[in-house]
Amino acid sequence: MTTFILNLFLAFSWVTVTGHFEPLNFFIGFILAYVMLWLVRSGSAPSNYFKKVQQVIGFIFFFGHELVKANLRVAWEVIRPGHHMYPGVVAIPLDIKTDAEITMLANLITLTPGTLTLDVSSDRKILYVHAMYIEDVDEFTRSIKEGFEKRVQEVLG
Amino acid sequence: MEVVMSFVIGGLYASGLYLMMRRNILKLVLGIALLSHAANLLIFTMGRLTRGHPPLIPPGEVRVLESIADPLPEALILTAIVIGFGVQAFAIVLIRRCFETLGTDDLDEMRSTDRAP
Amino acid sequence: MNLVLLFPILIPFATAVACLLAWKQRHVQRVLSITGAVLLQASGFLLLVSVWQSGIRAVQMGNWPAPFGITLVSDLFSAIMIVMAGLTGVTVLVYSLADMDTGRESFGYHPLMHILLMGVCGAFITGDVFNLYVWFEVMLIASFVLLGLGGEKAQLEGTVKYVTLNLMSSALFLAAVGIMYGAVGTLNMADLARHMGTVKQPGLVTTLATLFLLAFGIKAAIFPLFFWLPASYPTPPAPIAAIFAGLLTKVGIYALIRVFTLLFVQDLEYTHALLLVLAGLTMISGILGALVQNELRRILSFVLVSHIGFMIMGLGIFTHLAITASVFYIVHDVIVKTGLFLVGGVVRAERGTYEMSSLGGLYSSNPWLSALFLLPALSVGGIPPLSGFWGKLVLVKAGMETGQYLIVATALIVALLSLLVMMKMWADAFWRDSPGSAAGGSVVSANPVSFESRLVLFCPIGVLGLLTLAAGIFAEPVLTVCSRAADQLLNTEEYIRAVLGGIP
Amino acid sequence: MVWIVLLSFVSAFFPPWLCRVLHSRTGWIVALLPAAITAYFARFIEEISSGGTVVESMGWVPCLGIELSFHLDGLSLLFALLISGIGTLVVIYSGSYLAGHYQLGRFYSTLLIFMASMLGTVLADNVITLFVFWELTSFSSYLLIGFNSDQKPAREAALQALLVTGAGGLALLAGFLLLGQAAGTLEISALLAKGDAVRSHPFYVPILLLILAGAMTKSAQFPFHFWLPNAMQAPTPVSTYLHSATMVKAGVYLLARLSPVLAGTAIWENVVTPVGMITMLTGAFLSLLQTDLKLVLAYSTVSALGGMTMMLGVGSQPAAEAAVMFLVAHALYKGALFLVVGILDHETGTRQSGRLGGLFRAMPATGLAGILAGFSMAGFMPSFNFIAKEQTYAAILETTPAVFLTAAFFVAGTCYVVVGGITGFQPFTGRPRERFLKPPHEAPPSMWVCPLIMAAAGVLVGVFPSPAGKYMLSSAVGAVLQAPSEVQPALWHGPDVKLFLSTAAMLAGICLYLARAKFRRSMEPLTPLLSKGPEHLYSLSLAWLDTIACAQTRVLQSGRLNLYLLITIVTTTGLVGASMLEHEPILGLERWSDLHIYEAILAVVLLTSTVVIVRSRSRLAAVAALGVVGYAVALLFLLFSAPDLAMTQFCIETLSVVLLVMVLYRLPRYRDYSSGKERFRDAVVATLAGGLITALVLVATAVTREARLTPFFTEHSLLLAKGRNIVNVILVDFRGLDTLGEITVLAVAALGVYSLLKLNTGKKSGD
Amino acid sequence: MISLILATAIRYLLPLLLLLSVYILLRGHNAPGGGFIGGLVASSAFALFALAHGVDLSKRVLRIAPRNLITAGLFTAGSSGCVPLFFNLPFMTGLWFETHINVIGKLGTPFFFDLGVFLVVLGVTLMIIFSLMEE
Amino acid sequence: MSLIEISVHFSTAMLSLTVVFAFIRLVRGPSLPDRVIALDLMTTVGIGIIAVYAISTDKPVFLDVAVILALVSFLGTIAFAYYLQKVTDIADLKGD
Amino acid sequence: MFQEAVCAIFLIVGSTFIFIAGLGMLRMPDLFMRMSASTKASTLGVGFLLTALAFKFTQLDIVSRAVAVIVFVILTAPVAAHMIGRAAYIAGVPLWYRSVIDELCGQYDRCDHRLGSIDIRTQDDERAEGDA
Ligand code: NA
Ligand code: NA
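Protein chains in written order, with my numbering: chain V, 1 to 157; chain L, 158 to 274; chain P, 275 to 778; chain Z, 779 to 1545; chain W, 1546 to 1680; chain A, 1681 to 1776; chain F, 1777 to 1908.
Worth flagging that the hints you see were computed from the coordinates, not collected in a lab.
Ideal Cβ placement from N, Cα and C applies to all residues, glycine included.
One thing to keep in mind: the hints can contain errors.
Unchecked claim - To list a few chain P residues with every Cβ distance to chain L over 10 angstroms, as calculated: (1) K427; (2) T433; (3) L555; (4) R758.
Claimed, not checked - Calculated lysine-lysine pairs in the DSS-like style (CA-CA distance at most 30 angstroms, straight line): (5) W:K1651 to V:K97; (6) V:K150 to V:K69; (7) A:K1739 to V:K125.
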């Protein structure tokens, strides 16, 4: 079932990218996507796809806000003379489990300026993050866990 | 722009040739790469440089009415780029194999079969 | 219809693809490969007959009229070259049945050989200067891979030099094509020939000629650009070396002859005089190199270089007789050089080495091999009535008729030195006792060659030996064909008409 | 005739098989061929002696004016009979001489090839055809001299003979071609009528000198004589046949044959006569210093050839007669002597004159042959050689000033007496010198009969000279002079100056023979001087050649790729630069004003990146900079309206970088091994080359030309080729063949990479 | 060592990129793109996959051996050139179906030629990258 | 000069300067990853340049090039990272 | 006109962000901060520029392609940054000397680069001890 959804999604992307919104084109896209999926036999596809739309929208706004805020902070840092950072690498224990969730969380953290995911431990329990402003390690860990991780869990969980 | 381009091409040739004359086998390959860029740009310049008029027939028309860039050199360069890639890929792997088999990356040490008695 | 022009490209291509399909089945590949080569040879003869009967043939790829698409065109010269390509292909591939290791055969030896042939034939038959570049590259990359196939130490050393210097040549060629397009605005050779005179920039055509001379000169291994040849040809297995020596260098010469008869005939005093000087230097330098070598294939490689000078000499003299001589000499050289390198392979198969110091005694132990060596060797030395004699005779005659005594003298001296080199080789490898037996032990071959495989090895060499004899004894028909080829080369009108048709 | 010669060539295939079947009797069967040929030519004696000629022609290479045309006149017939007749004897003789030799079959093959070539040489009527056979005699001589190929001296002597005669041969070829150019024909019979035209032609001197070079090397004339004594490494039958009776006379034949065309000028006389004289004296003198009987004979052969050449140089009717007579006489006695020496060698195992003596009792037949032949050689009456000598004196005495030639010939005649004595007389007379391993006994008849026939003939013809004169010599001399001649050889001309001179020479010779050991000793101080002769020059020039060859090859083929590249680049830059500077090119440097600022920045970034690649000491930085160059090039494509190119370039560049990166970590630390000086030199060269390219681009783009092809593409791309992207349409349609080749290149490259990484045949074989 | 983040990301990107490559191939006749670029994009996608997941998995995912892709590509390109020979037209003459298809435009032998190019480029690049990474 | 033109000029200048900055970082290093991120930035800026160029020339086809560049820039960076993982020699990593 | 204005604003904002990324690349003291500063700003900047493009050409196919590029860049940029950062850390690129904490230190296995997970509690204890 999830594969079917993924297939539909791919077919839709095809139509979008080609810019021809016609049944025939959708069909071509569907066939092509089917072939692609058959070729790669991609394992997992997002589940509960439609139920998550609302959370996703909320998440996008949250993320956009974070992004702009962080960007401005770093921009200011770059522009003003001298250095005022307290950087370091912090280990953040993870509650989320699946590959997709971890990847998404890691990427979101990285996308936010000032933070950079360095790696995930081999047993997927800890995320190592480099950050530019670490006033307090625990506070930083908490902000990540309660901000991004919780919302990722909501969206993908 | 042709004047600037000609200097770019000349510079590419000069540095490509200089690198090829080094004894390090990796530099040789880098030189070859530069040389192929130079040759491509040379052909490109030979088609005369045109800004912002790619050789595409706009939707709805059957032929191009405005003056466009010469499509032929572009096709030639595309061929040359791809051929160059094939050759370079071979050359890159060749140097690796050379180092593995001969144990050196110094070209001057690769003359056991090619030295006057 | 015009398929006959297409076969020389399509047959090797199809064979290569078929061999790729049969990747894991070595024996199927062998059958396919020999079949393909024989078909190529047959198509070459077909083309030769066709051109002989109905003049220069041309066909427009994609049905696009001449200067816009790519034209395949074959005059007699091209047809002769394709016949020679087929001949080399057949002989070398038959030879490889008995002297090619399983490793190389299962790593694409057969498809590579056919792609090499495809590139060579494409170069011979195309009428478009950029397409010529493409075929050169096809041929080159196939030769790169064949040269390095097996990855032995010596092979790799040779390949590095071969690749580098040939890439220089390609870059030069590509630049020359680009500049020519920039100056003339077309790529079709016939069209170029028509418009070459309209280039307004003073001296640009001569400069272009020099560029082409150098680009093809590297490929043809003329002085002082021949380093890659002795550096690499002695390194791969015998069949590969044989097809390189027999066929590959001729492509450069073919290209030189093509452009210097069709495109660059405006500034003969500069370009063709330069050709003549380089021809003389090539002859001397090559043969001097051969004199001091002491490994069988290295000697042959330098001799090869030296004799390239002869082919260029005819082009430099640039009379009808001289061009005839060049064409004839190419035919001769293909036959004997392929033969000699294959003989070298048998020597190596028998004795396990190419080092002259370890060879000897083959005259008493392998009389047939000795005879098969002597034929091409004497032909190289210009002993009549073998084909090499006629080549030199006609060249010398042409040179004398135009009063180019210096180059004639050079050619004669080099001919003598070639004989010296070949006979030294004969004396060292065949005549004298093997160094082993002097110590009292009898000659034991390193890995005894079975009778069946010896038969397979000797067949192609025998054919080549008989061909050099036949081309000498029946020189008249061969020379007549070459003479007509020279006619067509010198009368560019016919070529242009065949390609461009009614276009004024 | 043509077929006879060609069949002789073909017959050369059979002896190896015959040998396998017939073993020792092969000689008799093989001899049937030359015997039959002798008979064949004997049939023509009648016709030729009555002034006729036989002409046969077959087309060969008419487009070069080369016919397989044969022309039989007195001279050719004489030679043909000598060749086939002596050939018969030699073949029979060899059967026993080489009995049981495992390469006898190959020996016969080569001998037959030689015989056929020699026949071809003397019968050919086309100079090129003649040359073809001429070269074949050289080559078969090479194989025969080196018959004992396991011996180094034999191989070296063979090579020397081949080189010397081969060099002459090439000169001859050049001479022939010039002659053909001057006379407008290559047919000898036609040439003979054009003597005046040739002699007055500006090419006359080069023609003459070139042809002389050919003849002199072949006939072992000073200073090219040294190969002949060395050629004595050959088995004795070969020395007999090739190096005394037939092949070495080819040069004499040629001079005789072409003398109507070339002779009669001052330069001819001033070159040919002295050369002949010097050769005659040198050979005669050196023959006396030898102890090996074969060498004695070899030097005397050199001398005799010199004598014949000298007479041809004189060129008068009596001289021609003398030359022809001497030629016949020499063939008979010298052939016989060689065969005798061969028997002695075969039976006793030595050829040293000092060790042989008193063998007549043990081998009477051989002894008879030897003594008869020695008698002829000495020129005693009534041998035919006596008549020849008399005739020579007669001819010489007519020249002005006669004194030089007369004195020379006198000296030579004296020496011949000694040589005849040493070789024909001494081994059989006196007391036995030493004990041999096996008691010497007579050779089988198949061996002694041959020299006996020849020696006897030498005397018989002397006793009954007139049939020879009538049937053979007249027509031969007539052919040389191209005028009907009547030769009437006679033993007795009455007591005249000639008789006095020859008698005196004989007496002097006898005295010298008796004092030969003393003479040889007295000449010993000359040995170091003699070793500095022309042969020394020959080996010096070979060594010199070797040195030059080594030096040039060491410079050119150094094995160092960077030098190869340097030379290639310098050559290219030099030649292209020279051709550009030949005219004054238009550069059009004003074409930069339309430059945009971002284009300039791009150009700067691009060039700076190349500098980074060149100078970086970190290879990853270099690779990254290479990526920048590639991306910048792609952007240039984009800025100048080539989106397809930009896309391709971006992809390809990235893939290249990926490949480089995948290989990079396998390589050792990044180093430049070149010295600072080399780097500077290369930088200068590279800069010049780059500058040249810049100029070239400027020059080429300054040309105004119409875009010939673009309108066609823009017009037809959509309508006929159904595509809006013209570049793609060109790639897959207009110029699809290029693309086919290009994907082939890619496929092969992949195969190459695959095999490079996976296949290693070297490992298995263990090197 | 394989990075979880990269591996996961690539697993989702691969089908998208392959789709993109086919799109580029199909519309190449009318807009920038074509067999070359399409093939290069597809091979870039697989190269990424190989970097993230290793060669073995990539080979399994690809299913077809790169060498067979090359052979198929050469065969497709060559035979599309040969089709016009049966209609007594020169090699590589374009033959077209009359129907118009979206994105692709008209379907004809040049398209199949381009498809051959696509396959060859893909096969070649993958063959090189796979054999380099295998060691 | 229209609003768009002014902003295009401004963008061009900004992007050019950024290329120069990134280039400086590429040349100076000091570590290999520094060079890699410099290259990555340059390619990202390249995408921007293409976008601006498409706007300024009014030819949206150039956007296709940006698609490709986005893809290959990612591939290149990953490849460099792959290399960095393989390199253990810190001296080599420092670049000289 | 509105369209043009929006386009211009996006152009200016986007290129400014990119400029800041470049500046950060130049100015930041260590690799990780250079990455932090530049990767994201440049991604954002490119996003703005492509948005500008989408506003300039309002055809659907162009807009959808611009969006596709934006999505693609946003998807790949962090992955790439992560890969480089990780590789650099493993290879031993040093942190800035004023860095306050490095919890990744010593976690990588020397041989196979497997990454361990520390026991958080212990870690906390150690930190407490360090403070004390
Ligand atoms: Na990126
Ligand atoms: Na990025």
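Hints, verified against the model:
1. The claim that K427 of chain P is not at the interface with chain L is violated, since a C-beta of that chain comes within 10 angstroms of its own (minimum 6 angstroms).
2. With 10 angstroms as the threshold on Cβ separation, the claim that T433 of chain P sits away from chain L is violated: the shortest Cβ distance comes to roughly 6 angstroms.
3. L555 of chain P, annotated as away from the interface, keeps every beta carbon of chain L farther than 10 angstroms; the closest lies near 17 angstroms.
4. With a cut of 10 angstroms on Cβ distances, R758 of chain P stays outside the contact zone with chain L, its closest approach being about 34 angstroms.
5. At roughly 49 angstroms between alpha-carbon atoms, K1651 of chain W and K97 of chain V are farther apart than 30 angstroms, so this suggested pair is violated.
6. A C-alpha spacing of about 19 angstroms is found between K150 of chain V and K69 of chain V, which places the hinted pair at or below 30 angstroms, so the restraint holds.
7. Restraint check for K1739 of chain A and K125 of chain V: not satisfied, since their Cα atoms lie roughly 49 angstroms apart, outside the 30 angstroms limit.
Going down the numbered hints, you'll see the structure goes against 1, 2, 5 and 7, while the others check out.
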